[in-house]
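Each protein sequence line maps, in turn, to chains A and B. Under numbering that gives the first Met the number 0, think of the first position of the first sequence as 0, with each following residue one higher. Under numbering that gives the first Met the number 0, think of the first position of the second sequence as 0, with each following residue one higher.
Think of the hints as simulated: they come from the structure by calculation, not from any bench. Virtual Cβ for every residue (Gly too), placed ideally from N, Cα, C. Fair warning: there could be bad hints in the mix.
[Stated by the list, open to error] Short, incomplete list of chain B residues facing chain A, as computed with Cβ under 10 Å:
#1 Leu271
#2 Arg274
#3 Arg285
[To be verified] Covered, in the sense of this in silico footprint (three residues per stretch, anywhere, with C-beta under 8 Å from a C-beta of chain B), are these stretches of chain A:
#4 234-245
#5 254-264
#6 276-290
[What the hints assert, rightly or not] Computed cross-link-like contacts, BS3-like style, restricted to lysine-lysine with a CA-CA straight-line distance of at most 27 Å:
#7 A:Lys106 <-> B:Lys273
#8 A:Lys273 <-> B:Lys106
#9 B:Lys273 <-> A:Lys9
#10 A:Lys273 <-> B:Lys9
#11 B:Lys106 <-> A:Lys150
#12 A:Lys182 <-> A:Lys154
#13 B:Lys273 <-> A:Lys273
#14 B:Lys150 <-> A:Lys106
Given next are the chains, with one letter for each unit.
Protein chains: 2
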Amino acid sequence: MKAVVIKGGKGPAEALSLLDSVQAPDAPGPNEAIVKIAAFALNRMDISQRNGVYPVPPHAPSTLGVEFSGTIEVIGPDSTTDLKVGDRVFGLVAGGAYAEYVRCSTKLLLPYSEPTTLESTLTFLTAAGIPEVWFTATQVLLQIAQIHLIKDRIKNVLIHAGASAVGTAALQLARSVLGPEAKLFATVGSDEKVKFVESVAGADYGINYKKYDFVKFITDKTDGAGVDVILDLVGQDYFMKNLTIAATDARMVLISTISGGVVEHANIGMILYKRLRIEGTTLRSRTIEYQSEIKELFQKYALPHLLSGEFVNPVDKVFSWEDIVQAHKYMESNAAMGKIVCVVD
Amino acid sequence: MKAVVIKGGKGPAEALSLLDSVQAPDAPGPNEAIVKIAAFALNRMDISQRNGVYPVPPHAPSTLGVEFSGTIEVIGPDSTTDLKVGDRVFGLVAGGAYAEYVRCSTKLLLPYSEPTTLESTLTFLTAAGIPEVWFTATQVLLQIAQIHLIKDRIKNVLIHAGASAVGTAALQLARSVLGPEAKLFATVGSDEKVKFVESVAGADYGINYKKYDFVKFITDKTDGAGVDVILDLVGQDYFMKNLTIAATDARMVLISTISGGVVEHANIGMILYKRLRIEGTTLRSRTIEYQSEIKELFQKYALPHLLSGEFVNPVDKVFSWEDIVQAHKYMESNAAMGKIVCVVD
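Given these sequences and hints, build the entire structure.
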């Protein structure tokens, strides 16, 4: 089959190449399927993996790609799924989506139909870019912070990198779960992104971190109360600021440490006297069972709003997979505001 | 009524004095009771509070004392409790137990009977020293770390200060919930305490931290797997060691920061890639509702074993409350291995 390979095993964007002699996946086992891929979406971890610096889970194939849309070609024996051959699906996989065919768990597939009315917004292009971002937002806010279970005591929420794909998803999900009363704060890196998170993603306040100290900004806007939930991916540079702006009993979820992972003078006394919960998490390294719990929360709390068009999952740019080198370079340029999708054409 | 007061509002042990002209508590409201106290137990926070450095909850009386045993004297109107006047009870309160009478929530009272057979081990002396320690152990292991809900994946547990009252309780509770297969590690400060935690508290390995590096010790004994649950009260000096010895998906609960609260070079990257959950907690500052959730877990998972004598809650020394100065000095000497109890005689 055709698939994107990395010449030499790792390298820059130019090392990517579409070959037509790649071995097809093994036959699916129970609760597995082979999906003929229509489109896949890019993620930052694809770049890390291409550079040889990502801790790829042991069971993942060497081919890049964790999310896709397509059509079910084969379903493994003794599977308990309601899905059937020919169904249009999108889903998450530990790797291998930059290919004509991928072997995946039926527990992480979701069916969709091409839109037949103008109101429906999900196509194979938009669906391909949903799983990684929305499963992550669902995992952070629902499975870990459990905001749906404690929503009565959540007044203020802080989403860092609010204009990122995960940030945009988290803001919409938080608004939907918590209702109009909750105040949503989002840090972003430009005034353009302030407008974006306030108009598109439902933030009450976009905070341009290049102009404002978010601790001071939020302290002012909450009369000193601070925030009850924090989604962070900055790490090192924000750790003490996050602890400072956290309210009593706040929950902070760490999904990356972009600025580094070592904090000088970490005041962990704040964890004690504010009774904070801090949890680090990743999505790709998790078991199928764990990911399928996320899928169920996603189906309940997010998918209906994505299907109705109430939630947006912006696609910034679509490439043919023959232009995978350009697609990776575009992602590396940090110019995208939304998903980058490749069509397997 | 009689009560222990602190002359001058704060000071050393000698500032404590038993006066007989202290104002009795106000009449109880709904779901409150007045208990005539038989005995109260000492806690380290009593010393901090006496020294004027403890953040006393706003609703607490100025009189010291958070745990006691005694007899119900009055029950407030419109109470929903099954308890009745004359019942022997022990319980937790935000303050005021160093007195003849205390006003408290009926939701935090537990009934007990004086032993009529040799098999029953709970007396007014032992009962007085149970709530603070056992509610704390229950809160940490069950309400926060939830080891009863995830026991299948807990193989190794680390309890710091294993010979302390909370450490001893936590070891026994962990053993009871997790069964004989779990490996329990406990750090202690002497070889005598190694013997104590291994013979009395059910630890598999007491580790004298003055002789051994607990990270190396546990790495060896678990073939590098590390621990799934950590109860810490040391803070600063142990933070990075705890993160280092934590297994993937480990949960760490911080209940104090005895060595200080500021960590130099805190590698929070470990929180991310090990997917750790770190939570700080305190007991006394919590709402009655939260504490009564702990009480229910305690009644289910610990109380039956305390009543049967399977769990021990060692009382080190009993004083008359007339000797409260000596009792506080004894606690400050750090010689006690178990609770210090004062009889209101």
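For the pair we were handed, lysine 273 of chain B and lysine 9 of chain A, check the Cα-Cα distance against 27 Å.
holds (25 Å)
Given the hint that lysine 150 of chain B pairs with lysine 106 of chain A, does the C-alpha gap stay at or below 27 Å?
Answer holds: lysine 150 of chain B to lysine 106 of chain A is near 25 Å, not above 27 Å.
Would the stated hint for leucine 271 of chain B survive a check requiring a Cβ distance to chain A of less than 10 Å?
Holds, about 4 Å.
Would you check the hint for lysine 106 of chain A and lysine 273 of chain B, treating anything up to 27 Å between C-alpha atoms as holding?
holds (25 Å)
Does arginine 274 of chain B meet its interface restraint, that is, does its C-beta lie within less than 10 Å of any C-beta in chain A?
holds (5 Å)
Verdict on chain B covering the segment 254-264 of chain A, where coverage means 3 or more residues with a C-beta closer than 8 Å:
holds (count 9)
Keeping to a limit of 27 Å between CA atoms, is the pair of lysine 273 of chain A and lysine 106 of chain B held or broken?
holds (25 Å)
Can the segment 234-245 of chain A be counted as covered by chain B under the rule of three residues or more with Cβ-Cβ separation shorter than 8 Å?
holds (count 3)
Take a quick look at whether lysine 182 of chain A and lysine 154 of chain A sit within 27 Å of each other, Cα to Cα.
holds (6 Å)
Is lysine 273 of chain A within 27 Å of lysine 9 of chain B, Cα to Cα?
Holds: lysine 273 of chain A and lysine 9 of chain B sit about 25 Å apart, inside 27 Å.
Three residues or more, CB to CB closer than 8 Å: is that satisfied between the segment 276-290 of chain A and chain B?
holds (count 7)
Is the Cα-Cα distance between lysine 273 of chain B and lysine 273 of chain A 27 Å or less?
Holds, because 23 Å separates the two Cα atoms, which is no more than 27 Å.
In this structure, every one of the numbered hints holds.
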